[in-house]
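J.: Chains as they are written, first to last, in the numbering used here: chain A, 1 to 380; chain B, 1 to 286.
Quick caveat, the hints were computed from the structure, so don't treat them as lab data. Since the structure is predicted, the reported quantities are computational estimates derived from the model, not experimental observations. Possibly wrong hints are sitting among the right ones.
[Unchecked claim] Subject to a maximum C-alpha distance of 20 Å in a straight line, what follows is the list of computed PhoX-like cross-link-like pairs (lysine-lysine):
no.: 1; chain 1: B; residue 1: K181; chain 2: A; residue 2: K84
no.: 2; chain 1: A; residue 1: K75; chain 2: A; residue 2: K105
no.: 3; chain 1: A; residue 1: K250; chain 2: A; residue 2: K227
no.: 4; chain 1: B; residue 1: K177; chain 2: A; residue 2: K84
no.: 5; chain 1: B; residue 1: K181; chain 2: A; residue 2: K75
no.: 6; chain 1: A; residue 1: K268; chain 2: A; residue 2: K343
[As the list claims (entries may be wrong)] Pairwise CB distance ranges (calculated):
no.: 7; chain 1: A; residue 1: S134; chain 2: B; residue 2: M125; range: 52 to 60 Å
no.: 8; chain 1: B; residue 1: N116; chain 2: A; residue 2: K75; range: 51 to 59 Å
no.: 9; chain 1: A; residue 1: S134; chain 2: B; residue 2: R198; range: 19 to 27 Å
no.: 10; chain 1: A; residue 1: E113; chain 2: B; residue 2: F51; range: 53 to 61 Å
Virtual Cβ for every residue (Gly too), placed ideally from N, Cα, C.
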Amino acid sequence: MKKIIELKNIKKSFDGETVLDDINLDIYDNEFLTLLGPSGCGKTTTLRMIGGFEQPDEGDVIFMGERINDVPPHKRSVNTVFQKYALFPHLNVFENVAFPLRERKVPKKEIEEKVTEMLHLVMLSGFANRRVTSLSGGQQQRVAIARALVAQPKVLLLDEPLGALDLKLRKDMQQELKKIQKATGITFIFVTHDQEEALTMSDTIVVMSEGRIQQIGTPVDIYNEPKNAFVADFIGESNILDGVMLEDLKVRFSGHTFQCVDKGFAPKEPVDVVVRPEDVDIVAEDKGMLKGIVTSVTFMGVHYEVIVDIGGFKWMIQTTDFVDVDEHIGLYIEPDAIHIMKKSEYSGLYGDYSSFSDEIDELIQAEEEAEAEAESEAEE
Amino acid sequence: MTKRRRTGKGILAPYSLWALLFIVVPLVFVAYYAFTDNDFAFTFENITRFFTTTSEVEGTEVRTYLLIFWRSLKLAIISTVICLLLGYPLAYIMARAGERAQKVMMTLIMIPMWMNFLIRTYAWMTILQDTGILNGFLSALGLGRVHIIGTESAVVIGMVYDYLPYMVLPIYSIMAKMDIKLLEAARDLGCNGAGVLRRVIFPLSLPGVISGVTMVLIPSVSTFYISQKLGNGKFFLIGDAIEGQYVANNLHFAAAMAFILMVILLVMMALMKRLTDRHVYGGGKA
Numbered sequence: 001m002k003k004i005i006e007l008k009n010i011k012k013s014f015d016g017e018t019v020l021d022d023i024n025l026d027i028y029d030n031e032f033l034t035l036l037g038p039s040g041c042g043k044t045t046t047l048r049m050i051g052g053f054e055q056p057d058e059g060d061v062i063f064m065g066e067r068i069n070d071v072p073p074h075k076r077s078v079n080t081v082f083q084k085y086a087l088f089p090h091l092n093v094f095e096n097v098a099f100p101l102r103e104r105k106v107p108k109k110e111i112e113e114k115v116t117e118m119l120h121l122v123m124l125s126g127f128a129n130r131r132v133t134s135l136s137g138g139q140q141q142r143v144a145i146a147r148a149l150v151a152q153p154k155v156l157l158l159d160e161p162l163g164a165l166d167l168k169l170r171k172d173m174q175q176e177l178k179k180i181q182k183a184t185g186i187t188f189i190f191v192t193h194d195q196e197e198a199l200t201m202s203d204t205i206v207v208m209s210e211g212r213i214q215q216i217g218t219p220v221d222i223y224n225e226p227k228n229a230f231v232a233d234f235i236g237e238s239n240i241l242d243g244v245m246l247e248d249l250k251v252r253f254s255g256h257t258f259q260c261v262d263k264g265f266a267p268k269e270p271v272d273v274v275v276r277p278e279d280v281d282i283v284a285e286d287k288g289m290l291k292g293i294v295t296s297v298t299f300m301g302v303h304y305e306v307i308v309d310i311g312g313f314k315w316m317i318q319t320t321d322f323v324d325v326d327e328h329i330g331l332y333i334e335p336d337a338i339h340i341m342k343k344s345e346y347s348g349l350y351g352d353y354s355s356f357s358d359e360i361d362e363l364i365q366a367e368e369e370a371e372a373e374a375e376s377e378a379e380e
Numbered sequence: 001m002t003k004r005r006r007t008g009k010g011i012l013a014p015y016s017l018w019a020l021l022f023i024v025v026p027l028v029f030v031a032y033y034a035f036t037d038n039d040f041a042f043t044f045e046n047i048t049r050f051f052t053t054t055s056e057v058e059g060t061e062v063r064t065y066l067l068i069f070w071r072s073l074k075l076a077i078i079s080t081v082i083c084l085l086l087g088y089p090l091a092y093i094m095a096r097a098g099e100r101a102q103k104v105m106m107t108l109i110m111i112p113m114w115m116n117f118l119i120r121t122y123a124w125m126t127i128l129q130d131t132g133i134l135n136g137f138l139s140a141l142g143l144g145r146v147h148i149i150g151t152e153s154a155v156v157i158g159m160v161y162d163y164l165p166y167m168v169l170p171i172y173s174i175m176a177k178m179d180i181k182l183l184e185a186a187r188d189l190g191c192n193g194a195g196v197l198r199r200v201i202f203p204l205s206l207p208g209v210i211s212g213v214t215m216v217l218i219p220s221v222s223t224f225y226i227s228q229k230l231g232n233g234k235f236f237l238i239g240d241a242i243e244g245q246y247v248a249n250n251l252h253f254a255a256a257m258a259f260i261l262m263v264i265l266l267v268m269m270a271l272m273k274r275l276t277d278r279h280v281y282g283g284g285k286a
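Bound conformation, chain B alone (with noise of 0.2 Å):
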């Protein structure tokens, strides 16, 4: 016994000096970098900085960075539930399907996912543009033009596109591994479709919504190429804001932010998680 968990450990070895090297360390620095100034001396200045420094927009003073954080946070939501309502429903269909039908619409998922993301956001250009595939259509239906590039659509259908599968493959993996004998037995204790779906299913499908949510909400809060592009750089995101600060060589305020963020991020998982525990398992106080 004692053995067994000794040679655990060492197959471990590895995977947690990298850990410590790729994931600790860096972070220890981000967190290090975000509480000192140019001279690496002790400040807050670089927090008090993102939630104090306000500019003019359309005439009102408002403040800058929580702006910023403001709107990625809406358009990264936005994206996340547009994702959960297309991906549940996907990933349902799937791991209902037969097992040929599953492998071919897991390969229509995969393979976007083999192209580069810069190469896919391009896309997503000259399909939105207005000049673009989209308006060329519509035109061509007599159903006139829309302008949609440079919105907060544009920035929201690529983030969509972009995280997509990472919804609905968690999603998908639980689904599929869910054992039938209890949607049959929901059938059998009363429930018609819809609430085998709403009694079962769902909740039990809780744990992948929470992984599809996190890994879509994450990289649509601190995205910054898709608003560039897509959002003709109208939308200054945080990860914009980040990459700018970055880019200026100040590396400490890009820090800050970089930590608060994450911050928030960690807030958010946890609240979220409590929240869906809840729900899970305590069914019956009765």
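Just chain A, with the same shape it has in the complex (with noise of 0.2 Å):
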């Protein structure tokens, strides 16, 4: 596979802010990518740096083996998708597709049968006429793809572009958007913070925090083999367990040594052990590896969601086995269900569940904070 974009060593920073700390990125043709991470991750400055909207304090932009940190927007072979579309207000459907085809000069004929061959691509083929402004979500989403492909460009970015529809056209438009990359050929970088979207269309997933790239892979390496507690915690749902690896195969954790499948660790060496909800089973407490408490049972529709408490530790466990609060149960977890990380940086920040969110652990944290606080003070 020939590489189209490769980013070198990027640093960039907003008023002493570091908001990409040394990205080093291969892209290669005909690729659907997608940078996943949170708000603030720094996926979309990535973006819009491929895009010339920004340029890189330090390293390099290259495309197609050139380096094009100082090339503007316009010379870029490069088209966006944004956010909220960005469709001209004052042009109708036809003229905002036909828009960059106008600045080159493309004979008239010409414009009108691309034109009319991207909005029979994506489906507006009797829209032409209408105004951008009386379109729904969905269609104006259509339109700003239509524009951002007739000029066949070599790379398509897409920033969040699905962030504003509804989840069932959500669904259709990520199956559309797969098959219109897969019928152009055009390399695709989308950018999401929707971890489901990142799985279900990529081919490579690069996922981002804190203005660094954590893990580089396809969906299912991922999803299986998180590099660290804050991939196996944003990709999916994780338990993410202080560990020691005893020996290969061999893994300590939450009071009771696990047959694993990884190896090459050092003897002794502290891991974050993985454990997805779904790959846990639930057995008579006697006949469990653990021993626990269950502490809510949420219906899902599909399965249950078991909060269990083991020692301190609230597992979550998925299973379609009914059981009830308070109940005492046993669990049971397969070597090739554990998967062993080093310690990183994120090491014991996530894979909890008394909780689900960042924020709600940190309302947590200033209370008790506050209570402690309070504490120390009547004391006084």
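The task is to assemble the complex, starting from two chains supplied on their own in separate frames and drawing on the hints.
T.: Here it is in structure tokens:
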């Protein structure tokens, strides 16, 4: 496969705040690559750098072997589908799509052919003369895609393009984008914070956090072999535990020694252990490798989401068997359900299901601190 | 829903009354006076007088009021075009400047408006006089003197100075609101700076241009004071004519002239709006 874009040691900061910290990324021809991460992780800045809207403070942007750091957006063979579409309100659907062609002084007849073809591709054939402001969100989205594709860029950048659509429409558009990408053979670089979207659409996922790339891999790799606690937590649900690698294929956590399939760690090396909620079996208490008390059960439709307290750590288990709150249960875990990760700066930050969001964690922490303060004041 | 609409009307009531009393009723009176004689009998005489009165200027017979009207319109259009040429780039620069710079520029534009209009015009008299500040400055530089006061240029300078803020502000307010993403999209799709200006910024700013042009053109067509002071009274404008008739207690003819002026301006504005509407929305019939 041919490299189309290379980002080399890219650094960028705004007002002294580091946004991108040594980004290295190769993007190949014809792939669907997703930049995935929470807001503020630098994914949009990375995209804008490829589009030409930001210049790196350090490092190089290479496009088909050429350094393009200082090439302005209009001279790059890259087009963008903007977050809120950014359609021109003074032009109708046809003229929005024809916009880049008119700029290139393409002959009238050819413009008409190409625009018609594009509108057909995005299933908006009857809409050429409509005002863009009269279209629904999904239709505007399609116009934006047609407009970005009509000049046949080498790379299409998509900045959270589906964020404003409702769930069902979003699923349809995911399928369709994938289809369009296959049909046109154009490299798509897609930015999202939605891990499910990333998993279903991408050939390659780049997980970002705090201006750094955490992991690059296929959706299956990223899900099954997360590199650190951040990735494990961000992609899907994970119970992340403190463990010690006793020897190859043997890990101890939660007071029990488990067989696993990982090796190559130093003896007694502290590690992070990931167990996905769907990989845990609930068994009778006396037959379990671990024992705990059910603290909550939520019906999710396909399965129950069960939170189990095991020695103070809250596990999440997804099961189709019903258990009751306060029930004592045992857990059984297969060796290949255990994934071992090296310790990282993210160790200990994620993977306990006392709460789901960081925001709640912060609120709880702030509350505890306030209480502690009040107590210490009372003591004085 | 209906209830809400009713409260909306309730709030509107004082404004409607105000508009009725101070806008609609006076307009009706203007029309009424325009089409009546001194005894308030219906007549077209005032209107025809405007179009037919003749007088001799430099040996040729001319239609007095049509000439005056034409002169007013010409000076007003020149001033409006100059305001647009000066004001549009200024509005653009302001809208793209940093927040602080925007505030400073806005204040600088507003400050002259805090001063009385008559004083501003007198100030221009002292600047433009043959022995005034400008000529003092020019001769000090050894560039000789220019005679400006009492020429059409002086009147235009006065009008541009007075009305420029009315051009800048509406254009600026539209440009400041413009979605920056649209400009990025245009660049992304192949436009250089000039292309972005021509294909996106200008068409989107047209509503601001129209209000700016309206707000400059209308007062400059009907101005009278500036032409009296800076034109040394040599350029009798339609505003001067109306004022003169009013002062002379010819209320009916003054009303007729005001009425005709209003109709012509309305027609002009309507034409302009049609023209720009087509430009904005009719982009592609292909």
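J.: Of the hints given before, which are not true for this structure?
T.: none
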